[in-house]
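Peer 1: Read off the chains here:
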Amino acid sequence: MNEKGKDVLLSIGASLVCIVIGLVVGLLILCCINGENAVDGFSRILQGGFYLKPKGIGSEITQAAPLIMTGLSVAFAFKTGLFNIGAAGQYTVGIFGALYSAIILGLPWYLCLLVAMICGAVWGAVPGIFKAYFNVNEVITSIMFNWIGLYLVNELLYTGFGGAMYDQKTTRTYKLSAKAPQALIPDAGLNSIFKTSSTTIAIFIAIIIAIIMYIILNKTMFGYELKACGFNKDAAKYAGINEKRNIILSMTIAGALAGIGAGLYFLSGASEWNPQVATALPAIGFNGIPVALLAMSNPIGVVFAAIFVAHISVGGAYLPTKYFQPEIADLIVAVIIYLCAFVMLFKGVVINLLKKKHADKEGK
Amino acid sequence: MVLLIKYTLLYAVVLLLVALGGMFSERSGVINIALEGIMTIGGLAGVFVLALLGGKLPTPVLVALSIVTSIVTGMIYSLLLAFSAITLKADQTIGGTALNMLATAIAIVSVKAFNNSSAAGNGAASAKLTYDNSPFIYKIGPVTINIFFILAIIILVCSSIFLFRTKWGLRLRACGEHPQAADSVGINVYRWRYAGVVISGALGGLGGLAYIVPSVSTWNFEVGVAGAGFLALAVMIFGQWKPYRIAGAAVFFAVFKSLANIADSTALANLGWSKNIYSMMPFIASMIILAFTSKNSRAPKAEGIPYDKGAR
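Top to bottom, those sequences are chains A and B. End of the first sequence sits at 371 in our numbering; the numbers just go up one at a time, nothing left out. End of the second sequence sits at 442 in our numbering; the numbers just go up one at a time, nothing left out.
One chain only, chain A, in its complex shape:
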């Protein structure tokens, strides 16, 4: 096997170690809360969407599509040396873009998706500009703009435009199926297969975008320049790459990806925004971070990692609320990110060991 293949295998192995330890922690917590039903609860988490076939699988697919996009958003920024913790805010602003163009402007779904993308891109560009021109760390800016975006979107969706997007009866934004059916992403028969109402071709759009991102990052000069900035900003500058422009571009693209994610989820009709109680940022935005870490920032890996995270979250939702809390799934995911932060370092150690062994053999 060549070096690259070994590296990929090791990466997958490291991610699996994180996942297994995370799941064991989850099992322990289930045992602590309610020992009798822990095994039942754990098997529900493991089964994920398959616990309630075929509906669960459908909702798992619905969840996976936006997760792929926010995962790509974080992964893309990672590849270019930036930590996009702002995917949650970009996602939230993307929600506004999608719903505004759907309900107020009455645009068809592909244009709504475009507007969501632009909104996310704008929200991503701001931390990039702050980083490039004011030398403010993108992590701090992204966090601040997460909260600004959340309050702004709450305000706009609740009272903005004469309250035209807010349904007093359901205390949420209007259901797209009733108010703007033209903005729903086509389902191509998936809904009838899975007996759901929001499983659409969104997942295929997300996978295609993941492949495009893979090609951009690995096969084009543009991607090479962005990655060069990530590896060594000064060297890239010396080689004639405009590093300020590239920082802003990377963050803009990352934001655009998160924005599309919001469009894919909300234009599938999977959920409506509740501006009155939404005091926390949407979890799908933050879960882009574990997805990107598990995938080692590889766009193709992101697809699988996103499906895994969606699997666990859907499984968590099937926990019997009499004994357990669905947030246990979030807890498992958080433990996995914590482990990801340093398991990757062990990978480096293993690679060095293997190289040493190899060198020893050749020496003999």
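Any given hint might turn out to be false.
What the hints assert, rightly or not - Using C-beta positions, here's what the derived DEER-type ranges look like:
no.: 1; chain 1: A; residue 1: F238; chain 2: B; residue 2: A421; range: 25 to 31 Å
no.: 2; chain 1: A; residue 1: Q175; chain 2: B; residue 2: I267; range: 35 to 41 Å
no.: 3; chain 1: B; residue 1: Y268; chain 2: A; residue 2: Q175; range: 39 to 45 Å
no.: 4; chain 1: B; residue 1: I267; chain 2: A; residue 2: F141; range: 38 to 44 Å
no.: 5; chain 1: B; residue 1: L218; chain 2: A; residue 2: Y117; range: 42 to 48 Å
no.: 6; chain 1: A; residue 1: L35; chain 2: B; residue 2: F244; range: 16 to 22 Å
For the record, the hints were derived by calculation from the structure and aren't laboratory data. From a predicted model like this one, the values you see are computed outputs, not experimental measurements. Positions of the beta carbon are idealized from the N, C-alpha and C atoms, including for glycine.
Model the placement of chain B on the given structure of chain A, informed by the hints.
Peer 2: Then chain B, alone, in the frame of chain A:
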């Protein structure tokens, strides 16, 4: 006006405590983005003490116990960050982010489990805890002062003396500025960085309790501490990692944060702005200030870089 002073003091104390915590961590060379999570966990532990033992213990004991619990829990939780960032040399931002997400998840799961068991498992558990906050508040004339105000003043003075007037403070700062130099004169960089992070955990935990308890008597843990920990980071940067400047910055930000609380009952109500706009203000203010101050920022030079003895 009295109302404005009341809320400004309330938030300034929180931001001051937590920003001082962040300062200790960053002065030792570790970026502590987990402050938000540490606040949540510390606040959770302290509030649990109040909810469980409220009325069963004499008031001073209860107050002391809940404060100590939140401090100790914050310290223990911050050890997770120290372990990954210092011992395992992991990326400090990712580790901190993980701890933030973990904290909210732990808080929701444990509060819901607690409510569920006390409601005999009817499955309708919420993430809210109710407690009695009166022991923490003293009335002095028209202004109410909570116990955290007094603690914060003491801690502010002590921090400044510790950091700039003792040899331990010098050692801590050396680890954040030039760890190799510190190591060369026999200072154990790893141990001092652990110390910095654990102090920040203590102050973060206390700050979490100070944020939750004095203002309301029911807290919904689904929101964690709603970004207060991140604001404290901005306060710390604006305060240029110096205790008294941090205190000034904390008051400045607290004014913006308290506008949301007083908007309804003062002349501001005439503007007709909604709560969301006021909620945005401290974050917007922090962005504007950071844009103008970051160019000549005096951040500890080695912050964010894991110290490796063998590195050249």
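Peer 1: So the hint says 39 to 45 Å: do the beta-carbon atoms of Y268/B and Q175/A match that?
Peer 2: Between Y268/B and Q175/A, where Cβ atoms are some 44 Å apart, the hint holds.
Peer 1: For the range 25 to 31 Å, tell me whether the beta carbons of F238/A and A421/B fit it or not.
Peer 2: 27 Å, holds
Peer 1: When you take the CB atoms of I267/B and F141/A, is the distance between them in 38 to 44 Å?
Peer 2: 41 Å, holds
Peer 1: Is the distance from the Cβ of L35/A to the Cβ of F244/B consistent with 16 to 22 Å?
Peer 2: 18 Å, holds
Peer 1: If I claimed the Cβ atoms of Q175/A and I267/B lie 35 to 41 Å apart, would that claim hold in this structure?
Peer 2: 38 Å, holds
Peer 1: Is the gap between the beta carbons of L218/B and Y117/A within 42 to 48 Å?
Peer 2: Since L218/B and Y117/A have Cβ atoms about 46 Å apart, the given range 42 to 48 Å holds.
In summary, this structure violates none of the numbered hints.
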